[in-house]
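S.K.: These protein sequences, in sequence, are chains X and D.
Going left to right, the first sequence walks through residues 1 to 201 as the numbering used here numbers them.
Going left to right, the second sequence walks through residues 202 to 618 as the numbering used here numbers them.
Bear in mind the hints are in silico, worked out from the structure with no lab data behind them.
Using N, Cα and C, we set each Cβ at its ideal position, and we do this for glycine too.
Please note that a few of the clues may not be correct.
[To be verified] Looking from chain D toward chain X, a few residues come up when the C-beta cut is under 8 Å (computed):
id : residue
1  : A238
2  : H241
3  : A242
4  : L245
5  : P258
6  : V302
7  : R421
8  : P480
9  : A482
10 : K571
[Unchecked claim] Below, in silico cross-link-like pairs of lysine to aspartate or glutamate (DMTMM-like), each with a Cα-Cα straight-line distance of 20 Å or less:
id : chain 1 : residue 1 : chain 2 : residue 2
11 : D       : K252      : X       : E5
12 : D       : K591      : X       : E124
13 : D       : K252      : X       : D149
14 : D       : K445      : D       : D540
15 : X       : K88       : X       : D40
16 : D       : K252      : X       : E183
17 : D       : K252      : X       : D189
18 : D       : K497      : D       : D540
19 : X       : K14       : D       : E452
20 : X       : K127      : D       : E249
21 : D       : K476      : D       : E452
22 : D       : K252      : X       : D66
23 : D       : K460      : D       : D540
24 : D       : K429      : D       : D441
25 : D       : K543      : D       : D446
26 : D       : K497      : D       : E598
27 : X       : K14       : D       : E207
28 : D       : K252      : X       : E125
29 : X       : K127      : X       : D66
30 : D       : K445      : D       : E514
31 : X       : K127      : D       : D247
32 : X       : K152      : D       : E452
33 : X       : K152      : D       : E568
34 : X       : K64       : X       : E5
[Unchecked claim] Just a few of them, taken from the derived set where beta-carbon distance is under 10 Å, the chain D residues facing chain X:
id : residue
35 : G204
36 : T208
37 : K497
38 : A542
39 : K544
Given next are the chains, with one letter for each unit.
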Amino acid sequence: MNTDERRLIAESLKGRTEAFGELVLRYQDRLYHAALRIADTPEDAYDVVQDAFLNAYQSLASFKGDAEFFTWLYRIAFNAAISQKRKKKATASLDAGRNGKPIAEPADDSHGIVPGETMEQGEEEAKLHAAIRKLSTEHRAVLVMKDIDGLKYEEIAEATGVPIGTVRSRLHRARIDLRNLLEADEAADDRSWDSADAVHT
Amino acid sequence: MLGEYETQLIAGAVDGELSAEESRAASALLARSPAAAELHAALLRDRERLKSIPRTPAPASLAAAIAEAIAERPIIVPQVRPARRPRWVPAALAASALVAVASGTYWYVADSAAPRLAKRQLQQLPKDDSQFVPPAAPGRASDSAGAAAIEPAPKTDTEPKNDIPATAVAANDPPTKSGPPEPTIDPDRILAAPVGSDVKAFDRVDLKLPLLATIADFSREDTQATLKANLARDPATRIDVFAKDTGKAAEALVASARKVNLNIQIETVAGERLKRRMPSAWWIYTESLTPDEVAKWLVETAAAEAALASSSEKTFGAIHAMPAGAPDQKDSISLAGVDLAKKPGAASAHIASKTIDQVAGSLLKGEAPKPGILLTYLPPLVRVPPQLSKDVKQFHEARGDRKPGTVPLVIVVRPAQ
Numbered sequence: 001m002n003t004d005e006r007r008l009i010a011e012s013l014k015g016r017t018e019a020f021g022e023l024v025l026r027y028q029d030r031l032y033h034a035a036l037r038i039a040d041t042p043e044d045a046y047d048v049v050q051d052a053f054l055n056a057y058q059s060l061a062s063f064k065g066d067a068e069f070f071t072w073l074y075r076i077a078f079n080a081a082i083s084q085k086r087k088k089k090a091t092a093s094l095d096a097g098r099n100g101k102p103i104a105e106p107a108d109d110s111h112g113i114v115p116g117e118t119m120e121q122g123e124e125e126a127k128l129h130a131a132i133r134k135l136s137t138e139h140r141a142v143l144v145m146k147d148i149d150g151l152k153y154e155e156i157a158e159a160t161g162v163p164i165g166t167v168r169s170r171l172h173r174a175r176i177d178l179r180n181l182l183e184a185d186e187a188a189d190d191r192s193w194d195s196a197d198a199v200h201t
Numbered sequence: 202m203l204g205e206y207e208t209q210l211i212a213g214a215v216d217g218e219l220s221a222e223e224s225r226a227a228s229a230l231l232a233r234s235p236a237a238a239e240l241h242a243a244l245l246r247d248r249e250r251l252k253s254i255p256r257t258p259a260p261a262s263l264a265a266a267i268a269e270a271i272a273e274r275p276i277i278v279p280q281v282r283p284a285r286r287p288r289w290v291p292a293a294l295a296a297s298a299l300v301a302v303a304s305g306t307y308w309y310v311a312d313s314a315a316p317r318l319a320k321r322q323l324q325q326l327p328k329d330d331s332q333f334v335p336p337a338a339p340g341r342a343s344d345s346a347g348a349a350a351i352e353p354a355p356k357t358d359t360e361p362k363n364d365i366p367a368t369a370v371a372a373n374d375p376p377t378k379s380g381p382p383e384p385t386i387d388p389d390r391i392l393a394a395p396v397g398s399d400v401k402a403f404d405r406v407d408l409k410l411p412l413l414a415t416i417a418d419f420s421r422e423d424t425q426a427t428l429k430a431n432l433a434r435d436p437a438t439r440i441d442v443f444a445k446d447t448g449k450a451a452e453a454l455v456a457s458a459r460k461v462n463l464n465i466q467i468e469t470v471a472g473e474r475l476k477r478r479m480p481s482a483w484w485i486y487t488e489s490l491t492p493d494e495v496a497k498w499l500v501e502t503a504a505a506e507a508a509l510a511s512s513s514e515k516t517f518g519a520i521h522a523m524p525a526g527a528p529d530q531k532d533s534i535s536l537a538g539v540d541l542a543k544k545p546g547a548a549s550a551h552i553a554s555k556t557i558d559q560v561a562g563s564l565l566k567g568e569a570p571k572p573g574i575l576l577t578y579l580p581p582l583v584r585v586p587p588q589l590s591k592d593v594k595q596f597h598e599a600r601g602d603r604k605p606g607t608v609p610l611v612i613v614v615r616p617a618q
């Protein structure tokens, strides 16, 4: 952790909320980008990031500084995402129990796509995002931490609170599962092209 | 078809975190297996696709929403809960020792009493009956050996065919001398120490129970007396003050300290947190007061609390006074560089320093204020080391050597649950 971060944390602990605001500005984009891939919707990602920063602020006194601040923040965000997922699941099952039908909407794969991208890029990203969303939260998180944020096994272990061996095996499983999902998607595309060709001919 | 180990190796290669040995194994695998090479290439493509996702900036409203929410939520300072040995441990140890000794004594007496009684009876028999063989107790080798040394009487034809030897009958007959054997006092058979005996009683277990009171209780003389006795008995004391508003309680203690001529210096960070009404636990230390003065300080605090108009203004909850332990010593050193175990410096104080004290005292025409310090618990990361703190340094300069009769006292103001 650099001295500037240390200073900002110390000042936050003295009650200077502006110092914590600087930390928020420094990390909000990175955390939000990761949260977009871990959470189900941009709204959920927004909530996860907001909760993560609030929890980090309230627990700042317990941050010992033996890990990077961002890794610590990531851990809080990861836990927030997991707990949000559980809450949603519980609510959905409760609602399903009431009227026999699940209230939760099916996942909308178009979420998280940046407007202004070309159609191809948008489609490509949507497919990738849809495939990622089919992974478990734990698998999504390690994949995002590794490939999007470039964290090392050790840092991912720190952030997720699991041993390095588990990180490695989760990443392995996540990569293979993602590959299978994308392959299945590509195969479906090929089939639809074939059937379209058949209709035209 | 690739196995689990092969796919793990390939995924590890994509992660870029293989050991040297694994890298060699992965290279060999990719060279010999087209399926492995294909999977490796596909996983690398997936990784690049993930990496190339354009970064989506956080919505503009996020930072503002966080700032707004933070303003309403304070930082939670973790409470310092020093680990202490449970107070029942000495009593449990004493009870265990008692049980062990009692069991051992019982076993010994129960096991050896019968053969020894028989031996004693044998000694009381007429000489002709000395052929009686006392029954040996099972498992007592020495007694069995002793019994074997006495040969049984040879059988004669005139003796009746009877399982009970005549000697045994004789032994059970009334002795030829007179009366029953004299009662003997055998210390080995005493299970418990009778009153007035020379057998030492077990040492008394001295349990030092904490003083539990409320601030209002300190207006009572019996509470004051107990506190004074505790303070005088222990090398150092910690008083835990539980409060609804710890900042208010700390300020009340600082204010009432002046009435016993104690000037509590407030460390800069602690002062800032007090000013901003930030929830914290506070640590107050002084070693300049006698037990009487400490009691008076709490009496003054109680009076100030009692003078408050409404009960909603009152903040003090329970108060625990107990001997300071190793965790308190550790805290004192790390927070203020204070050694609680340090003895009064009167004996080692040289004449010049005493003289200076006396001269300074007379010049001031009154007693100089006694020093104390107030700090707050912060995580070690952001804590100013005591040797670098200007306030702590000033406190150390002001405190000098501890005077005889004074007691080291730590007051920890904690939030009431």
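S.K.: Which of the stated hints cannot be reconciled with the structure, identified by number in ascending sequence?
M.R.: 1, 2, 3, 4, 6, 7, 8, 9, 10, 11, 12, 14, 17, 18, 22, 23, 25, 26, 27, 29, 32, 33, 35, 37, 38 and 39
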